Amino acid sequence: MKLLTHNMLACHIKGVKNNYPFLIEATQVEARDADYNPDFLKHIFPRIDWPAFMQGAKSLKCADGLPETATPDMLDNSLFLQKFHHALLEVVLEEGALVCPETGRKFAVNKGIPNLLLQEDEC
Amino acid sequence: RQPDMRSSIARPGAHARGAREPSAAHAYARPQGLPLASTVAAAATVPAKSRQPRRLPRARDSAPRGVATRATVLDMLMKPLTSLNKVENLKEGIAGFYDDSSALWEELWGEHMHHGYYPKGQPLKSNQEAQIDMIEETLKFAGVTEAKTMVDVGCGIGGSSRFISQKLGCSARGITLSPKQAARANELTAREGLSDRASFQVGDALAQPFGDGSFDLVWSMESGEHMPDKPKFVAELARVCAPGGTVIVVTWCHRVLAPGEALRPEEASLLDRICEAYYLPAWCSVSDYEKLFAAEGLTDIKSGDWSDEVAPFWGAVIQTALTSAGVLGLLRAGWGTIKGALVMPLMAQGFRMGLIKFNIITARKPQ
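Chain order of the listed sequences is A and B.
One point on numbering: in the working numbering, the residue at position 58 of the first sequence is 58, and numbering is uninterrupted.
In the working numbering, each number is its position in the second sequence, counted from 1, plus 1000.
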């Protein structure tokens, strides 16, 4: 699971209000090269919740060099773009869990795939 | 006397009410655990007490005699086969079905697990080309030419997601109940160098693990059939759609019923057999979907009937199943997959009877 995915995931257990972002428990993290595509990064930047992204990046230990807040003008800076690219698309959570910020319920991540199915009594 | 039934939209729990209501027109027992297609539709809004016994179809109402008789005989023969070893829990049944059969499908048919689109009056393209055409025609019908983010609800092994994310340059998130499909989807995506933009999760379309308004394009290609709760399914599609975004559902429906009309017994029983084999818990019509879309505040609602354009598909799939590769593959894949294959002639029958329709419904979420 990449941080691009993490940025869109929210917990839908019935009644939970504080459901985003998932906290991350990282057991196994890998780095995989991804094609560097600045156009795509500029495209996707407005859709990224930056605080959630930074929280995830810290959990996956790839937040170094990234600003706590980000503004669109930073997209003209190629150093920023490269760090953004790396953290967003190249760092992969292989094994671990996503944790609901309100209930603490854990959703396992195995082989890079989060299993977000709810139990019968949670939905 | 007209029966006091309304065509309505399946809701959970409806099957419990439906199951208690005996019907004089039926000579067979309803399979355990799954609702009779037409009584689910009726039970949704009409209290049990006021429901009239279903009237026997009059001669002028039925489909041409030969078709109706053949459907009933065929599905009665099929009943013991399709009811055998059914998994009671629907989600597990669906996940298991796709865990078991996805690899065989991919081997024989490739990465797209949906119907091909074969335009009327034109020579038939190859099945794989027709499946690509289906995606293109769907986007065209919905008027979608750009998107930054899309969600693929019931993503299979990610064929649609990869195609659309390459075509429109969007990111794609897919959800499936099947862990094997999610894994295979991620694997194929990595192979094509698209891991930066498409990823696949195990998730439930009725409780989508995404925040509100996350996606410009909400895509459900032939997965709606599996949803037991159509209102919830549509509500989730609308919820995760971004303002100004587009929702597209391509799905099998039954024919549109007139007010007060119910499915005929032979129609209902055909759908039951198909339901059992493919874990399709509920059927509704394209009009029911349009009403649900409207209820969710979606606008510019448009629908189409592509039953004719997909007509060649089941014949082609059946032919593939009968090849030696198909037969061997089925034996390897196991009983669930074999059941799915055995029921294919019933799908073809359903289309010919005018009972099963292949519909598209699209709409926009207001800004």
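To be clear, the hints were calculated from the coordinates, so they are not data collected in a lab.
Only a predicted model underlies this, so the values are computations on that prediction, with no experimental measurement involved.
Idealized CB from N, CA, C, for every residue including glycine.
Please note that a few of the clues may not be correct.
Claimed, not checked - Interface residues of chain A toward chain B, partial, derived using beta-carbon atoms under 10 Å:
| no. | residue |
| --- | --- |
| 1 | D39 |
| 2 | L89 |
| 3 | L98 |
| 4 | C123 |
Checked hints:
Interface hint at A/D39: satisfied, since its Cβ lies 8 Å from the closest Cβ of chain B, which is below the 10 Å cut-off. Taken as an interface hint, A/L89 checks out: its beta carbon lies about 4 Å from the nearest beta carbon of chain B, inside 10 Å. Restraint check, A/L98 versus chain B: the minimum CB separation of about 9 Å is within 10 Å; hint holds. Hint status for A/C123: holds, given a least beta-carbon distance of 5 Å to chain B, under 10 Å.
Going through the hint list in order, the structure satisfies each hint without exception.
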